[in-house]
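Novice: Sequence:
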Amino acid sequence: MSILLLGSQPAWPAPQATVQSSGNQDPNGCGFWGDSLTLSVIDQGKKILKKDYCSAYGKSKVQVITDTKAQNFVLLEYSEGHGTNATTDYLVVYALTKTLAERARALISFGVGLTSRWFYDYVVETPSVGGLKLVMTLRVWGIPDPGTLPEASTKIVEVLHTQ
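Taking my numbering, the leading residue of the sequence shown gets 996, the next gets one more, and so forth.
Please keep in mind that the hints were generated in silico from the structure rather than gathered at the bench. All values reported here derive from a predicted model rather than from experimental measurement. We put the beta carbon where it would ideally sit given N, CA and C, even for glycine. Certain hints may be false.
Stated by the list, open to error - Simulated restraints on C-beta separations:
id, residue 1, residue 2, range
1, T1013, T1092, 17 to 27 Å
2, K1046, E1153, 16 to 26 Å
3, T1094, V1135, 32 to 42 Å
4, G1108, I1037, 34 to 44 Å
5, G1142, I1037, 43 to 53 Å
From just these sequences and the hints, can you work out the full model?
Specialist: Listed below in structure tokens is the structure:
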């Protein structure tokens, strides 16, 4: 008996992404030791892409999401700035093709007082038409200074399918 699957996803897993610190060095010219990082994308055991970048205090997260049309996206969180509650956090979405092609960038955390901060927590959805939909919900920590919060308590970021 034979089974033929039409339109199915490949049998191999999605690529993996990792972040590696340069340690107490600054080969990327970030200005602070420990801020230099390298994003690596590995597919089927082989490193296919590498991107050097800077992130305050070496703080960064990465994940690969595959949409419903088998397009892979790399989601990278990183920080800018130094000092007490002085960092600003971003989320960058890259389409993973032969390169990392930036498709979206969003501010996801910001200090709004000496000890207060707002965050956009997000959930990634994969619409049937392909691409990604990021549903971002505002969360506040502490008591922010007046007039410092974003106007939108919910934001939607849509990243279109590119292949």
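Novice: Confirm or reject each hint.
Specialist: The hints, checked one at a time:
no. : hint                      : in the structure
1   : T1013 / T1092: 17 to 27 Å : 19 Å, holds
2   : K1046 / E1153: 16 to 26 Å : 24 Å, holds
3   : T1094 / V1135: 32 to 42 Å : 37 Å, holds
4   : G1108 / I1037: 34 to 44 Å : 41 Å, holds
5   : G1142 / I1037: 43 to 53 Å : 45 Å, holds
Checked against the numbered hints given earlier, the structure satisfies every one of them.
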